[in-house]
Every structure is written in structure tokens, then in C-alpha cells.
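Since the structure of chain A is provided, determine the placement of chain B on it from the hints.
2 protein chains.
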Amino acid sequence: MIKIAILGAGNVATHLYKQFTKSNAVVVQQWYNRTFDAIKSFQNETEVIDDLSQLKEADVYILAVSDDAVASLSQILPFENRFVVHTSGSVNIHDLDKKNTRGVFYPLQTFSSEADVDFNNVPVCIESESKGKLALLKSLGEALGSKIYKINTEQRQTLHLSAVFVNNFSNQLYRIAHEISDAKSINFEILKPLIQETARKIEDMSPYMAQTGPAKRNDKKTIKRHLKQLESDEHKAIYQLMTDSIKRTHGIVERKRTKPKN
Amino acid sequence: MIKIAILGAGNVATHLYKQFTKSNAVVVQQWYNRTFDAIKSFQNETEVIDDLSQLKEADVYILAVSDDAVASLSQILPFENRFVVHTSGSVNIHDLDKKNTRGVFYPLQTFSSEADVDFNNVPVCIESESKGKLALLKSLGEALGSKIYKINTEQRQTLHLSAVFVNNFSNQLYRIAHEISDAKSINFEILKPLIQETARKIEDMSPYMAQTGPAKRNDKKTIKRHLKQLESDEHKAIYQLMTDSIKRTHGIVERKRTKPKN
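Protein sequences appear in the order of chains A and B.
Using the numbering used here, the letters of the first sequence correspond one by one to residues 1 to 262.
Using the numbering used here, the letters of the second sequence correspond one by one to residues 1001 to 1262.
What you were told as hints is all true, and nothing was included just to trick you.
List time: in silico DSSO-like cross-link candidates among lysine-lysine, alpha-carbon distance up to 27 Å:
id: 1; chain 1: A; residue 1: K150; chain 2: B; residue 2: K1192
id: 2; chain 1: B; residue 1: K1184; chain 2: A; residue 2: K247
id: 3; chain 1: B; residue 1: K1228; chain 2: A; residue 2: K247
id: 4; chain 1: B; residue 1: K1150; chain 2: A; residue 2: K184
id: 5; chain 1: B; residue 1: K1247; chain 2: A; residue 2: K192
id: 6; chain 1: A; residue 1: K56; chain 2: A; residue 2: K99
id: 7; chain 1: B; residue 1: K1228; chain 2: A; residue 2: K150
On the chain A side, residues computed to face chain B include the following (Cβ under 7 Å):
id: 8; residue: P123
id: 9; residue: I186
id: 10; residue: I195
id: 11; residue: I202
id: 12; residue: G213
Keep in mind the hints are simulated off the structure, nothing from the lab.
Quick reminder that beta carbons are idealized off the backbone N, C-alpha and C, glycines included.
With the rest of the complex left out, here is chain A (with noise of 0.2 Å):
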């Protein structure tokens, strides 16, 4: 049984201790946050403290705050030699205070309050300065039924930001969409089947060989067209800059217009 400690309050870490309640592998021991109330309602449950002094010797402490405040509480614990862990896409290993062994325990999903979290679809990316705590971390993740990665703290970051392209970027496409149509007192429903079978399509095949459409095409009459029905500025931009994309990745070259020298 791994006795673990939370700290913090937030999506994660209410889906985090959510998740491992479940598992008969692991036992939250403690849940520890900055003010009482986000927790109390779980007091009946577990143990929760408001004050660091009263955290009692646990396997792991998964530190899921704020990307702001993994420093800073790492160095307030009132321990050391102990395993300490944070639940961030783009905090370095080493932010963490060096007086307790660090580690990284990041679920890389999209976590909203209102919805369960399916932790089956949620890969947890694992890294360890101790090459022993990587089996812990390993059982941890998989108390959750997650998918397990280990990944070094650059490549963290690199998912990180992949995932805002892939995530928050690709959600503003459905966005400008839902916003472009509406216009037109359309439906959004419309577009809500090719948006999942968009998703749905790479796990199939890669993005590049899934793609279609105007750009990939150098269809350029209906470039342009669109480019005309295309209201605001901002969308043009997007437009325009995702069409050379496409083409660039699809080795579409254009020949530039010279521009006369002064």
C-alpha cells in the first residue's frame, strides 16, 4: 500500500484524490491546503490540515499547486530525505527544493471541475532524480489505471507546449468556427461530427497524412474565396498563416513576387 500526502486544492489535485480513493493500492494519507475550506467537505473521508507541520511520513508527496507555487512550497516543507513529487507540464525537476528527493508525477489531460475524468485517456509523464523512485511513481500512476511515460523535464516542456497547439489552439479553431457560423445562423451541430472525426482520424495515421483540403491542394481559387467571405482581420491572419503552413509542410513552394528595391 503507498501512503501518500496532497497538497493543494485545485482540478488536479481534486481529480487526483478522487481517482486514488478508488484504487486499493494507495491510500491518501493526508490532504493538506493553504485554507481549509476548498477541503473540509472531504473531512469525513480523509484527513485534512491546513498546516504544514501536522503532514505525517508518507511514501510520496504530490505537491499539485500552481506552477508559481511549486518552489515556494517545496522549501516550506517541514521535512527533509522524503519523496517529493509536482504535478506540473513545465516546472523544472530541479525547482523543487534539493533538501527531499524530487520527482514529477504530470497527467497530461485537459482537467475541467465539472467533468469525471477518465484516467484510462490520461498518460502520466514520470520523472525521478532517484532512479528507485521511478518504480513508485510507476505504481502510482497505474493505481489510476493512467498509461505511463518516462520523460526527461525538456521533453515535459515540449509536451507542454505541444499540448497548448493541440489543446488550447485547436479549441479556438472550433471557436472562430462556431463564431464564423453563427454569423450565418447556422448550426454549430453541423460541424461537430467532422470535428471528432478530425480527432478520431490520427489515431489512425499521422496528422500529415491525414490532411486534405484547399491548402494541401494549392486550390487557390477557393483560397481566395475563402480568404474574401472572411470578415474579421484576425481570421484572415489565421487563415492565411495555417494555409502556409500546410503548404510548407506539404512542400508546396510558392514563387515570390520580387518587391522593387528602393
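Quick look at chain B alone, frame taken from chain A:
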């Protein structure tokens, strides 16, 4: 029983052919293509022809050809006062020759030649200059198992444009994430659950509500670090533009630096 003729042999034509042959409500009487070779393997199932003059009377002629070919093919059809539809997202209904009654039967989905298509997930957008023919198109769409939406040409062209954003451009974001993570020897599999969840999430909430991440939080430190991490100018430009777009959507206004006057 609706008698149809399909004209063309591309992905849309082929998927429509295959699905219609499964329906008891529709019979594909003839399948025409300019070059016989593309369709001759189906000659034991239906009448395949490469000569327009052989076209028999049908309830509807479906021109599933490339955008550029719609108008010209409609002009050389050797009959009039029949019902002719195209399947394009961007071609105006009036680009069809007016000697026949005109309509549109636009399945909004990404079709690849290999993969089977589940028409339950293919919304079909219909339009007709004859109100009486709309019911026919509706039955045709239902025979495929599709959801039917009545929309006009302007709306259809806007949908087609929106589809470029959610399909081609999202896919290119996946591609960029693939490039970035490959460069650091990261298994792209790690990002796939996030890609699926990003698409799935908007089934339950609007893209506006679903947004998260550094741009939405106006987390300048992370944005700055991400921009520094990116090695390609193109990726930096996309990151910047999409970040600005998210900020604008969520009302995050930056104070502009005053430029010194000349």
C-alpha cells in the same frame, strides 16, 4: 424507391455509391464516369457508363465531381427539366445549368478513399430551388442514415469555410505538435488522448466555455517561455496569433506600448 444516377468517381461518389446500395429506399440505376476504368470494377453490381447519352430517366442525378467540373458537366447533360444536384460545399446552386431543376446534396465530412464512412456521423446539407424536391433530398439523406439540414448557398459556403478551420487547420496543429515532439524524441501517442478529449469536450460545452491554458489565463511567463522554446519562426507566429486570438475572445486586453513618433 428513389432511382438515382451518380456521376463522378472520386471519394464522395464512391462512398455515396456504396452506402446507397445498402439502402432499400434507393436504387443506383447508373454510375457514370468520364473514364470507364475508375468504375468498371462495379459493372456486375450496377450499370456503369462513360457516355452521358446513355443516361436513363432518374429521380435525381448526383454530380459528385470536383468543384471546377460541376458547371461544365451540368451544361453537357443531354436532358432537361430533370432534377440535378451537386455535392460540393462551395459551388453555388446557380452554377448548375438552369435547363434542369437544381439542388445541392452536400455531405459535410472528411472522406478518405481507404476508411469506411459511418454516415450516421455525416450531416447532409440540402438545398433546392424547387421546394417540392426538398422532400426527395431528405429521403435520400435518410436512406444514408444521415442527419439532414436545410441550408442555403451562403450558409453552405460558410460551413465549408468553417470546416477548413476545424478540420484542415486543427489537423495542421496536430502536425506541428508531432514535429515539435518528434524533435525531442517524444512518443506522439502521449498527445493523442488530449486530442480526442479536446474534440469530445465541445459535445458538452461551447468552445468558449471549454477554453483553458496560458492564453486564457493571460499567463505571460508561460507564454514567453513557450515562444522561446519554439525553434521555427512559423511556429512562433502561429503561437502568437492563436494566443492573441484567445485573449481577444476572452476579453483580455493588453495595454499597447506607445510607439515613439518619428
